[in-house]
Structure formats: C-alpha cells, structure tokens
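Taken in sequence, the protein lines are chains A and B.
Going letter by letter, the first sequence gives residues 1 to 158 in full-length UniProt numbering.
Going letter by letter, the second sequence gives residues 1 to 696 in full-length UniProt numbering.
Treat the hints as calculated values from the structure; they're not laboratory data.
A quick note: this is a predicted structure, and the numbers were derived from the prediction, not measured.
Where hints are given, some of them may not hold.
[As the list claims (entries may be wrong)] Here are the simulated DSS-like pairs of lysine-lysine, each with C-alpha atoms no more than 27 Å apart in a straight line:
#: 1; chain 1: A; residue 1: Lys133; chain 2: A; residue 2: Lys38
#: 2; chain 1: A; residue 1: Lys112; chain 2: A; residue 2: Lys26
#: 3; chain 1: A; residue 1: Lys38; chain 2: B; residue 2: Lys626
#: 4; chain 1: B; residue 1: Lys398; chain 2: B; residue 2: Lys445
#: 5; chain 1: B; residue 1: Lys352; chain 2: B; residue 2: Lys402
#: 6; chain 1: A; residue 1: Lys38; chain 2: B; residue 2: Lys497
[As the list claims (entries may be wrong)] With beta-carbon atoms standing in for the labels, derived distance ranges:
#: 7; chain 1: B; residue 1: Gln357; chain 2: A; residue 2: Thr77; range: 16 to 26 Å
#: 8; chain 1: A; residue 1: Gly89; chain 2: B; residue 2: Lys485; range: 39 to 49 Å
#: 9; chain 1: A; residue 1: Arg31; chain 2: B; residue 2: Glu406; range: 21 to 31 Å
#: 10; chain 1: B; residue 1: Leu348; chain 2: A; residue 2: Ile30; range: 35 to 45 Å
#: 11; chain 1: A; residue 1: Arg31; chain 2: B; residue 2: Gln606; range: 41 to 51 Å
[Stated by the list, open to error] Calculated Cβ distances over 12 Å to all of chain A for the following chain B residues:
#: 12; residue: Asp112
#: 13; residue: Met325
#: 14; residue: Leu338
#: 15; residue: Glu454
#: 16; residue: Leu541
#: 17; residue: Asp570
#: 18; residue: Thr572
#: 19; residue: Leu660
Quick reminder that beta carbons are idealized off the backbone N, C-alpha and C, glycines included.
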Amino acid sequence: MATNKQVEQFLTFELAGDAYGIDILKVQEIRGWEPIRKIPNAPAFVKGALNLRGTIVPIIDLRERFQMEKAEYTPVTVVIVLSIDTLAGPSVMGVVADTVSDVLDIDPTDIKQAPNLGTKINTEYMRGMYVGKKNMVMLLDVDRLLNPEEFIDISSLQ
Amino acid sequence: MAIDMAQFHQVFFEESFEGLDAMESGLLNMDIGDVDAEDINTIFRAAHSIKGGSGTFGFTAVSDFTHVMETLLDEMRDGRRKVTQPAVDVLLGSVDCLRDMLQSIRDGGQVDQSVVSAHKLALDSELRNSANGANGSSALEPLPSVSPITPADDGAELEICGWSIAFSPHLNLLKTGNEPVRMLRELAGLGELTTTVDLQGVPSLYDLDPEECHLSWKLHVAGNISAAEIDEIFDWVEDDCDLAKQPIYKTEMPLQALQSEGTLSANDVNTSAAPVNKPTEENVAGAEIQPQDAKAPKKEEAKAAGKGSSSIRVDTGKIDTLINMVGELVITQSMLSLLGEHFEMNKLDQLKNGLSQLERHTRELQESVMNIRMLPISFVFSRFPRLAHDISTKLGKKIELKLVGENTEVDKTVVELLSDPLVHLVRNSLDHGIEMPEVRIAAGKPETGTVTLEAYHRGGNIVIEVSDDGKGLDKDKLRAKAIEKGLIDADAVLSEKQTYELIFMPGFSTAEKLTDISGRGVGMDVVRRNIQALGGDIEILSELGKGSTISIHLPLTLAILDGQSIAVGDETYILPLGSIIESLHVKEERINRVVGKGETFLLRGQYLPIIRIHEIFNVPGAKTTKLTEGLIVVVEGQGVRCGLFVDDLLGQQQVVIKSLEANYRRVEGISGATILGDGSVALILDIPGLVRLSSQ
C-alpha cells in the first residue's frame, strides 16, 4: 500500500456490537481493565481514576456515556488511554470499550456526514461515518466527547 | 592544568544574584537616621565579592561599575560619608543596573551602555557632591622601604606620576583562590602598566607543581594614582605575598634599570612560561598556558549548555536524609541478596519482611527526592519589600509590608510561575488599595497602610493571601463600571462574591486615573488565567473602607503530605494528618439529631456536626451506618471543626499529592489524589470542601 498523506488512521473498537473509530494519533496506549478508584459524586459514566505511571487518569465508560446497556467488565474489556485537547490544555483520559478490533486507513473524503437520526450518539461528538467493507464505523471526535466541562453539564441534567 | 572558567560562570552568576538580593534587602532595611555599621558591611561585602568575581571572570564592565559602588559604600562604612536617602536610592538603582548587566552577560546579550553610564554618572555625582566625601585616598602612606631618591617627608608635596611595585607571591597564592593576572589587569586599569616577570624561581618542568606560583613581578604603573588604590588591588593577598611599592615622582625617569634586569632573566629560562606580560582572560595557573584558539570554542559551548539548565539550592538537611536513606537501602539490598543465595522455604517470612522494608525505603527515597524540589516561598516574597519601597516612594504613600509564613514550602515550578501574578496583586494593593496618607487620616485610619503577604498550607493546598487595610472595593462602582463596559446587563442580579469577581473580567479597571503602576485593566484576568493554569483558584473578599483580601489557592503539585488512611465501605481515603484532632467512639446519649439539619454530637461542651462520608460520597458497602459502631474522626479545617464518620482508621503514611484536576476536574470535598503502596489510587479529603458539601 502506498503511503498516501491523505489517509488518516483510525483505531476501531466495539461497543454493544457496533463499530466505532478514534483518530489513532489520539491513542496513547491500550490496557486491560483493572479495578479503579471511584470518584465521589461523579456522573455514572465516570467509572473512577486509574494510576497510570504516576498520573491520575479518569476512566469513562463509553457505553454509559452513550446511554447504552451496561456490560460486565471481563478480562477482554479494554481501556483505551487517549490524550485529548481541552480548553484548559492537553489531558489524558481512558475510555472503556468491549474490544479493540482494527486499525483502518481512511481517506478523509470517504468520511460521510453523520445522519442526525437513528444514532444513539449526539452527532456533535462525531467526526462522521465511514462505510467499510463489513460494516459502518462511527468516527468519534474525542476532544468534544471527553471534555471535562461537559461532565458537569450532563451530571447536573440528570 | 588549564581550568575552563566557563564552568564556574553559573555559580558566579547565582552567587552574584544572591549578593545583589542581599544588597537590596540591606539597603531597604537601612534606617537612614541611625545606620548599623554591620548593615553597611554586609552590603559592602556583597559588592566586593561581585567585583572580585566579575574581575576574575573578565567581566570588566561589571567590576568597573561595582568598583564605583564600592567606593561609595566604603566611605559610608568608614563614616566619612553620611547615609542619605538619595544615596540609598542611587545605590538601589545601581543594584538594578548591575542585575541587568549580569543577566545580559549570562544570556549572552548586549549590555545597554546608556543605562549603565547613566547609573554610573549618578553614582559619580553622588560621590562628588558630598561635602566630606573626599576621595578615598587621604594622605600618602609612608612607604615600607624608604625611597632612595626622594625623601619620604617630601612625598606628599610632589605629584606622583607612577608607582613601581615589586610583587612576589608566595607559592600558595593560587591555592587561596587569588589570581595574579587579575590583579595585573586591575593595575592596568589604573594607568599604563609595564610588567616584568621574574622567572628565576620557576623550577624545571619536571619538578613543577602547576598549583604553585613561582613567578614574581616588577611592575611599573604610570599615572597619578593614590596608594589606597594600589593597596585595594592587593587587599586580598597581603598575607600571601611580599609586596613593596614605591611612588615615582614627576621629575624622575622610569625605572630603566629595573626593566632591563627583568628582561635578562627572562631570556635565561624556559620560554614556555614566558607570556605573562599581557594580561589575558585566560587563567595562568602555574606555567602552563594553552593556545588561545583551542580554548575559545570550548568556552562558547559551556556557555550554551549552561544557559538552559536551571539549578536549585537545597537545604543540607534534605541531602543528609537522602544519604541516610540510601544507606538503609544498601543494607536492605545486601540482606536480601544474602537471603537469596541460600534460599529455603522456611525463610519465606524473612524474605517478605525484607521486601516490604525495601518497598518502604524506596518509597521514602522517592518522596525525599521529590521533597528536594520544594522551596520556601520566601524566594517569591523576598522581592516585595523592594517593590513596596519603590512604589510608596513614587506615590508618596506610607506603606508597611508584612510577610507571614515565608518558610511555607512550595514546588519549584509553582514558585517560578507564581511570582508574576503575585507582583501584579501586590502592585494593585499598593497602588489602588492603600490610600494617600491624608485620606487615611481623614478616614480615622493609621497614616501608614499595611499590606500583608501570607502563605500557609491548608489541606492539600497552599494558600497565599495578599491583604491590605486600604479603601476596599466599592460594589456599586464595580457594578456601574461593568454595566458601562457592557460586561453585564443593567438588570443582572449579582451576589456579593460575583460582584467582586467582576474585576477578573477582561477589560475591567476601576481606577479613575491610569497610572504606570497598574490600572490598565489587562491585569486581573491575566492573573486569574495564570493561577488557573497552575490548577489553582483565586478569590477576593473586600469591605468598603476596610480593605480587601485576595487569596490564591494552589494545589501542591508534587507536594508531600503526612496522611492518615481511612476506610469507608469499599474505599480508602487519605486525611491530611495535620487536620486531625482526635478520633473517638461516640456514645448514643451524646448524639443529637436535628430534623432536617443533620446530626451533631457533644464533645467537651461543644456540639460538632457529623459528616457521614459514606453518605455524601455515596460509597456502597459501609461497614455500619450506626454512629455508635463506627469511628468519629474530629477534624478541623479553615477554622471549622466537625466529626467525620468513617469505618476505620488504617495506616499513616507520607503521600505524594497528585492532581485530579489535571485530567479531570475539581471534585468538591476532594483536594487531590495519591498513589498508595499497591499502586492503586486514593483520594485525599478536603475538610472545608466536605463541610461545604454537607451543608448543601
């Protein structure tokens, strides 16, 4: 495969049978699930905080973030550690996913506008959609999705 | 044995800056009417070291400048000159100028000559305009060796046109840290210098100890120079050399004979030791001289490398602790390796013990290393007396600056990043806060205003407060201004706190008149942004006519806290040990339940509110919900006492505070997080936050 500068790489993972993609440059590392410390009075999707070599990293359950049905954490449950840009500067967060599937090379022109209807996720948090050979992949905009400021808004709404 | 001087530059700069700080604080503390000789001595010594150091390193601009300051100080020290406020101000200005010079030399930049000469002029005119401040040289000293040509008693009447000096250093001169080249260079600065070196004492290269000085000189310096000036150059080496000096008077011829004698002897010896006639910047330690071109690039390199690195001064006590810990670590390690050599299963307990010891030592070591980064906040505070002095003089206000808690330790990064915002706040207090003396008297306040800078630890935070007893913030004025600037709607309802917060909005200034000190309205929002960038928060309290207090709360990144682990349900939390007063089991009859208000209990005649941690943090699995069965930990924070209801107390340990905000956000009741020995995260409780949380 010729290295084309136009191509962007996305890490895909599964949540409740659906495929999602994250810009691979945002991914810092992938870890197995391990018990973490709960953060009091946090929204339900904030599972707690993890010690990542001396840095305290909050862990977000994406299923709960998207109001999907909860899943049991198993040894194959993964935590994807992401470095994201927030208004306050760069920060590190982990998201819980069912499994990590693949790395896709996607030409940005192939990314379609996300339809506003029928998805469980507010399109505000999406880069768009990509129709692959096997399935559709929803590409997430993690900078918006994991903005700590948003956690307050959502928890106060609940 | 050529020494690369560049490696010492950093130390020189650090010491010089410290010296300048010492001079500055000495000058500021000086009581004009009644000057303590020791104060002047301190200032003089600092100036003298800077002069000496800069001379050694060839920063002649600095040494020349310091020389003038030194002359002035010397006269003050000897009581030949009165210490006056203008003189002190000129000296303070010169301290600033020197600091700028040193900074630009350090950073490889250009010294602004016009500024330097302006300050030098001010110093010179100060030197001249004193009535009794005659030139440092009084009458000529009689010479130790009587001049063969001119009778000594005539000496004072004849005009001196030069000096001939015989300078023979003792062998150990170099070891005392003195450098003949430097002295020669200073002599050359006084007038035209002719040097003749006597190489006869130099042993053969085989026997030569490069750290000994075998050279001696016959020097001739031309010009009308006072004996004191010459003495000053050799001041430091008096005891380490034989020195004879003779004045040459106008009618005489230069000492031809002396010179030819020297030249002859120079021809006789090894030429490798010869080129000393021209003082260069090179160190002429012993007889070995490196070619100049080989050395120059090396100097550049060292300079470039030195620029980026920053250094830190550490309390020796901290280093000793470190050394002790490393010692213990080594003992544990050797114990373990001994155990490992002949290991049997029945030694398992011993192994476990050893390993836990190792773990403990490593952790302690890690914490002590981090502790090295902690600096007392006085590093930031120390610059404020000067600021207060300058501003109060400029504005004609009377201000006393109080510093409290200067020894509070903060991380080095915080110290560095804190100083700009603090300068801004202190300036605001000085400029806008404190009123003019006549206004203060009219308001029935003492004529002298007080600005207090205070630092202390609270929970996992360091709190820095800038308070003044000035005019305070006018809520109505703030509001009117904000409406005028379109920052809020005319009918906006603001709480007291929100009103004060307005001053942090961009483009807000209440000063009726802008001054060059503050009031351009670009400040406070920047201050807040800086503080927030450090993960902190800033708040303001004020009372009209009484003054205002601005407090900065900063998390102690990397800071270490003595913590008490407590168990609540499935969770472990850390309480700052300093906030715990006692822990106790409470009896049913002492508990008092107020409907809708929560629970209190009676402790020594005082009702204290009970905060159930498992309830306010929604922790499942609490061992008991009955107050009588659990444990009450009495804590105090921000002056409020309360009892925390927990399951159990676990161990005490030092914990390294990690920021939870860095990647997440502030959690009410939690001041930070830490990592326990098993690698898991534990949250540190914030007592004032808990009180706020429970009262909601």
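Evaluated hints:
1. Lys133/A with Lys38/A: With a Cα-Cα distance of about 40 Å, the restraint between Lys133/A and Lys38/A is violated, given a limit of 27 Å.
2. Lys112/A with Lys26/A: OK: Lys112/A and Lys26/A at ~21 Å, within 27 Å.
3. Lys38/A with Lys626/B: holds, 23 Å
4. Lys398/B with Lys445/B: holds, 12 Å
5. Lys352/B with Lys402/B: Given pair Lys352/B, Lys402/B is violated - Cα atoms ~54 Å apart, limit 27 Å.
6. Lys38/A with Lys497/B: Measuring from Cα to Cα gives roughly 32 Å; hence the hint is violated.
7. Gln357/B with Thr77/A: 16 to 26 Å: violated, 36 Å
8. Gly89/A with Lys485/B: 39 to 49 Å: violated, 29 Å
9. Arg31/A with Glu406/B: 21 to 31 Å: violated, 44 Å
10. Leu348/B with Ile30/A: 35 to 45 Å: holds, 36 Å
11. Arg31/A with Gln606/B: 41 to 51 Å: Since the Cβ atoms of Arg31/A and Gln606/B sit about 49 Å apart, the hinted range of 41 to 51 Å holds.
12. Asp112: Its Cβ never comes within 12 Å of chain A, the nearest being 36 Å, so this holds.
13. Met325: holds, 20 Å
14. Leu338: Holds, since 32 Å exceeds 12 Å.
15. Glu454: holds, 28 Å
16. Leu541: For Leu541/B, whose nearest Cβ neighbour in chain A is about 25 Å away, the distance exceeds 12 Å, so it holds.
17. Asp570: Check fails; 8 Å does not lie beyond 12 Å.
18. Thr572: violated, 8 Å
19. Leu660: Non-interface label fails for Leu660/B: nearest chain A Cβ at 5 Å, not farther than 12 Å.
Hint check: violations occur at hints 1, 5, 6, 7, 8, 9, 17, 18, 19; the rest are consistent with the structure.
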